[in-house]
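Using the hints, position chain B against chain A.
Read top to bottom, the protein sequences are chains A and B.
Sequential numbering from 1 applies to the first sequence in the numbering used here.
Sequential numbering from 1 applies to the second sequence in the numbering used here.
Source of the hints: derived by calculation from the structure; they are not laboratory data.
These numbers were taken from a predicted model, which means no experiment stands behind them.
One should not assume that every hint holds.
[Stated by the list, open to error] Some but not every residue of chain A turned toward chain B, in silico, with C-beta under 7 Å:
| id | residue |
| --- | --- |
| 1 | A77 |
| 2 | I88 |
| 3 | T101 |
| 4 | K221 |
Every residue gets a Cβ at the ideal spot worked out from N, C-alpha and C, and that includes glycine.
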Amino acid sequence: MLEIKNLHVEVDGKEILKGIDLSVGKGEVHAIMGPNGSGKSTLSYVLSGRAGYEITKGEVLYKGQNLFDMEVEERAAAGVFLAFQYPIEIPGVTTMTFLKTALNAQRKARGEDELDAVKFLRLVREKAAPLNITDEMLKRPLNVGFSGGEKKRAEILQMALLEPGLAVLDETDSGLDIDALKVVSDGVNALRSPDRSMIVITHYQRLLNHIVPDKVHVLSKGRIQRTGGKELALELEESGYAEFAEA
Amino acid sequence: MSSTVEQAYLDAFAGLTPEGEPAWLTARRKAARGIFEKTGFPHRRVEAWKYTDLRRMLAKDGYVPAVPYEGPLAYDVETVGPAATAFGAIERHRLICVNGFYRPDLSGAALPDGVSVKPLSEAVKEEGFEALLGADELLYPLNALNTALMQDGLVIRIGKGVKLDQPLHLVHVTTSAGASAAHMRHVLQLEEGAKAVFFETHMGQGGEGYLANHVMETALGEGAELTHIKLQDEAKDALHIAAHRLALGANAQYYGFTLTLGARLSRHETEIRFDGEGAHADAHAAIALSGSQLGDVTTYVDHAVPGCTSNAHIKSVLDGEATGVFQGKVLVAEDAQKTDGRQLSNALILSRDASMNAKPELEIYADDVQCAHGSTIGELDDDALFYLRSRGIDEETARTLLIRAFLEEVLETIPLEDAKADVERLTIGWFAGTDVMEVEG
Numbered sequence: 001m002l003e004i005k006n007l008h009v010e011v012d013g014k015e016i017l018k019g020i021d022l023s024v025g026k027g028e029v030h031a032i033m034g035p036n037g038s039g040k041s042t043l044s045y046v047l048s049g050r051a052g053y054e055i056t057k058g059e060v061l062y063k064g065q066n067l068f069d070m071e072v073e074e075r076a077a078a079g080v081f082l083a084f085q086y087p088i089e090i091p092g093v094t095t096m097t098f099l100k101t102a103l104n105a106q107r108k109a110r111g112e113d114e115l116d117a118v119k120f121l122r123l124v125r126e127k128a129a130p131l132n133i134t135d136e137m138l139k140r141p142l143n144v145g146f147s148g149g150e151k152k153r154a155e156i157l158q159m160a161l162l163e164p165g166l167a168v169l170d171e172t173d174s175g176l177d178i179d180a181l182k183v184v185s186d187g188v189n190a191l192r193s194p195d196r197s198m199i200v201i202t203h204y205q206r207l208l209n210h211i212v213p214d215k216v217h218v219l220s221k222g223r224i225q226r227t228g229g230k231e232l233a234l235e236l237e238e239s240g241y242a243e244f245a246e247a
Numbered sequence: 001m002s003s004t005v006e007q008a009y010l011d012a013f014a015g016l017t018p019e020g021e022p023a024w025l026t027a028r029r030k031a032a033r034g035i036f037e038k039t040g041f042p043h044r045r046v047e048a049w050k051y052t053d054l055r056r057m058l059a060k061d062g063y064v065p066a067v068p069y070e071g072p073l074a075y076d077v078e079t080v081g082p083a084a085t086a087f088g089a090i091e092r093h094r095l096i097c098v099n100g101f102y103r104p105d106l107s108g109a110a111l112p113d114g115v116s117v118k119p120l121s122e123a124v125k126e127e128g129f130e131a132l133l134g135a136d137e138l139l140y141p142l143n144a145l146n147t148a149l150m151q152d153g154l155v156i157r158i159g160k161g162v163k164l165d166q167p168l169h170l171v172h173v174t175t176s177a178g179a180s181a182a183h184m185r186h187v188l189q190l191e192e193g194a195k196a197v198f199f200e201t202h203m204g205q206g207g208e209g210y211l212a213n214h215v216m217e218t219a220l221g222e223g224a225e226l227t228h229i230k231l232q233d234e235a236k237d238a239l240h241i242a243a244h245r246l247a248l249g250a251n252a253q254y255y256g257f258t259l260t261l262g263a264r265l266s267r268h269e270t271e272i273r274f275d276g277e278g279a280h281a282d283a284h285a286a287i288a289l290s291g292s293q294l295g296d297v298t299t300y301v302d303h304a305v306p307g308c309t310s311n312a313h314i315k316s317v318l319d320g321e322a323t324g325v326f327q328g329k330v331l332v333a334e335d336a337q338k339t340d341g342r343q344l345s346n347a348l349i350l351s352r353d354a355s356m357n358a359k360p361e362l363e364i365y366a367d368d369v370q371c372a373h374g375s376t377i378g379e380l381d382d383d384a385l386f387y388l389r390s391r392g393i394d395e396e397t398a399r400t401l402l403i404r405a406f407l408e409e410v411l412e413t414i415p416l417e418d419a420k421a422d423v424e425r426l427t428i429g430w431f432a433g434t435d436v437m438e439v440e441g
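The following block holds chain A by itself, in its conformation from the complex:
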């Protein structure tokens, strides 16, 4: 599904990713853990196509297509989804308008029929209910005045609606209390499918109790330092990242 090959990325002339190799198979969930400043968020932004990151070497293939040949919106339409660590507040655009515009833009890009208001409303309500997202919240401007938990739930709703092939969850657990973490994790788990791969980026192991990964990678100093199964996360919880910081 996703092949990252020898990826080197610079920001403002400083090398942040120093040769990442990562292969995520169809339906797999990979966790990327690491200390602050290790390049975790850089990786997520590079995959989704944010400006300001210079790819100096390497390539990323998604379903065999070179991601770096695609615009941000083309990647999204092809099925790459980033759940933001800090979802952006957009005053004046209601969540509903945003969701409909996004979904129909992707459908259009894929040559599918756009959903009319009635069908869309039915769909969005169906996806929103398990995430405890009310109609009232959908009518509010996107993320404006949302609590941390509401923002993360709204991200998962977007993912549920857009049904990506690859979801990158960037620190989705940050700012969540235990209850919110459970709702969000349940939402993510409900979206696990043999056709959907996920990369779960997190600093802490606790998220991985809820979203159990197939593989865990430790990213530090711009490189993947170690790869293991889900038990690696527990080990890190014990020992911390000190070992890798010195590596």
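Chain B in isolation, oriented as in the chain A frame:
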């Protein structure tokens, strides 16, 4: 100091003022002309016109007086743009002016009860009318020019306690008539407890670059309520200079909104004076310009008495080489305690060559007041654009969504749903290639 430009302008209008006017008006015109001859067209060395150099714009052109147009009215989207359809879905009473002259034959037949509409030339002959034309108009060069040269206008009175069940819609159309200039003077009076909605549209055919210099004087009696929505979508080569001077009685309520889309140079000046306590005035505006257009929104709010509130929020979107101007002044007199006066200008700059000049000012002599002013000038938020695009929304649509969202904050203050929808429609029409979907429910 005036020059040959001004003299040529005045000469062109020689002998065109209506005959048989009362002596006071002749004297007023003469005084006004004298003032205009001294000041000339305002230019950038005149503080109040620092950013809007009208003289420079006029220096190139000779103007001829607009002449009454007698033919059938043919204005539509084809000839004057989308403003032709504004408020079309709303039951309203239309008052139509063509090339600066009122056309009662084209306007709605039966006026709503309790409203009187007279052409200026008739109204000036009435006892006591002198007092309705503001004397301090002479402080303003373009107002003085208007007084000196005004030929027609409407005097609209809404009687005590009359609550209009239909909006009045004052339509200004300029047909292709050479480089013509018109100076309309309107007077709008709402007596005690009256309530009205007033739409105003301005549009015209391009080609020769006409000039419209409008003055409207509005008086709201005690407890009167006026909702006023103005759409300025003049031809792209036209000049539009409008001054709206209002006096508010005790507990009167004014809501004003102006949309500036048209003209190569425009200025909408609102002057609000509070004469009685407990009144409130909103003077909001949206500006959306491109090319080399300049749009100026200037507000003066005179809190002369205690306990009044005012709010002016101006949102500007500027593309191409367009220039936006906001000048706002809130004056709070020494005994005008418990005043709340606010003004805020937010500008969104879409291109490197567009610019915004914002000058909010407060002049406060009272000590127990709440006043605030602010100004922001920014670009589209890259993070927000990225966020939208990362969900599959193409860049063009994402930009449009964000621009609309920016303007929404002021558009949503429009208290009438249908009118708001029309203003939005016209504003959206300004953006090219929009593909934004709305969701009900």
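Results of checking the hints against the structure:
no., hint, verdict
1, A77, "5 Å, holds"
2, I88, "4 Å, holds"
3, T101, "5 Å, holds"
4, K221, "26 Å, violated"
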